[in-house]
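**Q** Given next are the chains, with one letter for each unit.
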Amino acid sequence: MTERLSPLDGVHRAAGASFTDFAGWQMPVRYSSDLAEHHAVRNAAGIFDLSHMGEIVLIGPESAAALDFALAGKLSAIEIGQAKYSLLLAEDGGIIDDLVVYRTGDDRYMVVANASNREVVADELRARAGGFDTNVFDESDDVALIAVQGPASREILLATPGFTIESGHPDGEDVPEALASLRYYRAIAGAFRGEPTLIARTGYTGEDGFELYVAPEHATALWEALTEAGAAHALVPAGLASRDTLRLEAGMPLYGHELNRDILPVQAGLGRVVALSKEGDFVGRAAIEHGPAADAPVLVGLAAEGRRAGRAGYEVFDGDGADAARVGVVTSGALSPTLGHPIAMAFVAPDAAETGRELYLDVRGTRVPASVVALPFYKRNA
Amino acid sequence: MTDQTALQYTEEHEWIRVDGDIATIGITDYAAEKLGDVVYVDLPAAGSTVTAGTVIGEIESTKSVGELFAPVDGEIVEANQAVVDSPELVNSDPFGEGWLIKVSTTSLPKLLSHDEYRALTGE
Chain A
21 MTERLSPLDG
31 VHRAAGASFT
41 DFAGWQMPVR
51 YSSDLAEHHA
61 VRNAAGIFDL
71 SHMGEIVLIG
81 PESAAALDFA
91 LAGKLSAIEI
101 GQAKYSLLLA
111 EDGGIIDDLV
121 VYRTGDDRYM
131 VVANASNREV
141 VADELRARAG
151 GFDTNVFDES
161 DDVALIAVQG
171 PASREILLAT
181 PGFTIESGHP
191 DGEDVPEALA
201 SLRYYRAIAG
211 AFRGEPTLIA
221 RTGYTGEDGF
231 ELYVAPEHAT
241 ALWEALTEAG
251 AAHALVPAGL
261 ASRDTLRLEA
271 GMPLYGHELN
281 RDILPVQAGL
291 GRVVALSKEG
301 DFVGRAAIEH
311 GPAADAPVLV
321 GLAAEGRRAG
331 RAGYEVFDGD
341 GADAARVGVV
351 TSGALSPTLG
361 HPIAMAFVAP
371 DAAETGRELY
381 LDVRGTRVPA
391 SVVALPFYKR
401 NA
Chain B
9 MTDQTALQYT
19 EEHEWIRVDG
29 DIATIGITDY
39 AAEKLGDVVY
49 VDLPAAGSTV
59 TAGTVIGEIE
69 STKSVGELFA
79 PVDGEIVEAN
89 QAVVDSPELV
99 NSDPFGEGWL
109 IKVSTTSLPK
119 LLSHDEYRAL
129 TGE
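Quick note, the sequences are listed as chains A and B, same order. Counting in our numbering, the first sequence runs from 21 upward without gaps. Counting in our numbering, the second sequence runs from 9 upward without gaps.
If you are wondering where the hints come from, they were derived from the structure by calculation, not from laboratory data. Hints are not guaranteed to be accurate.
Said to hold, decoys possible - Selected chain A positions facing chain B (Cβ under 10 Å, derived; list incomplete):
hint	residue
1	Ser38
2	Gln46
3	Arg50
4	His58
5	Ala261
6	Ser262
7	Thr265
8	Arg267
9	Glu325
10	Arg327
11	Arg328
12	Leu355
13	Pro357
Unchecked claim - Here are the simulated distance ranges between beta carbons:
hint	chain 1	residue 1	chain 2	residue 2	range
14	B	Ala54	A	Asp371	38 to 46 Å
15	A	Ala323	B	Ser94	21 to 29 Å
16	A	Thr22	B	Leu128	20 to 28 Å
All C-beta atoms, glycine included, are put in the ideal place defined by N, C-alpha and C.
Could you build all of it, start to finish, from the sequences and the hints given here?
**A** This is the structure we're talking about:
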């Protein structure tokens, strides 16, 4: 398989990025220091290239009904300009992918999928929408995605010349008001230098922030304009390493770690994402109504002292002696840059999942005590 | 600045500076860059005996864990407490203040020259 390059690849190379393979893409893992990039997002702002993500568009009069059948949430209930976190479930209730769905019109939606699942999501949506009057288009190759995340992100967008609002003022005089009133998980159709741009107040870092969807050929101009305007606000380019520690602190699941086909949403704390109250059938409903086995593991947060982190795949025990029982396994873990102590998410047996419970991480042969804590580990001051 | 051409190297991306029967050991800039920001370093205690090729310590970054291999047989005469206290020295000065251990040794295995090591890393 050839490695895929982002439309922003040249920008990253010029900035001295280090790269990693991510779902077949060569993407920046860091530019200088992943810790510095992490702190920049918490304290000022970072700019991320997420062009590897998949964008699948539904257009047609029955798009809403098709998504109500295809996905776990009630997407017919969201307004134009609203976004919703949702799940694509298998018949057995397992999670095929987690998604953000934008309603971009009365008859259209954009489904944003993880890069590794882009094809399966497009295939499933096509199959599930077969009985509905809608068309499914995989637009991933024609959409680049730039995220600006952090407390300074709105100021940076406001300082970037070239934005306009669709059917708004041609010089963008109404942009400041539109951005100020844009609520979290809402999006507005706009343009950057005349090129269509979806401006969404969404993100995956636990901070305020924006995600900007543009055609690949305009991504570099947008990135450079944001970077130039952001310099005065301490904006830095940020790679996937910091994105991972940021989302972990925010308690956000990552597909392939906290979510997979063997996990039902309720096990991962995502029961609220499944709209069992919606009318009609949807893929996975019967399995979700049946629920997981009583002893199925559940996702918890674990906080430890010291500096040695439990990492994905490390086992969790209920004691530090030789007779201790294995009660679970870590799915993600790191020394939290913001909190200064190790944090992890883990699937553990339900009888070991109580908040405050003392468990032990097996860190390469050493048992490190860790307490079950409520998620998220980090929450920004509203 | 450390003269990197005067050092010897291993395929595990460690560097060795030999001064009499004392070998000072650290990890290369290439290894530090691959790890990312180092946040924790676990080193063997002074006085402990090490065997070439065995894992004697750990270097953890936010993203991953690197193992420190003993490149030589010998006895640890000093572990760098400054690096234990400030692991970021491994990133900021891997060939200098970011050194890891000093080992008393009488026999050196076959090591890589600077040119051979750079050929290995493709730089």
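**Q** Which hint numbers does the structure go against, in order from smallest to largest?
**A** The structure breaks hints 2, 8, 9; every other hint is satisfied.
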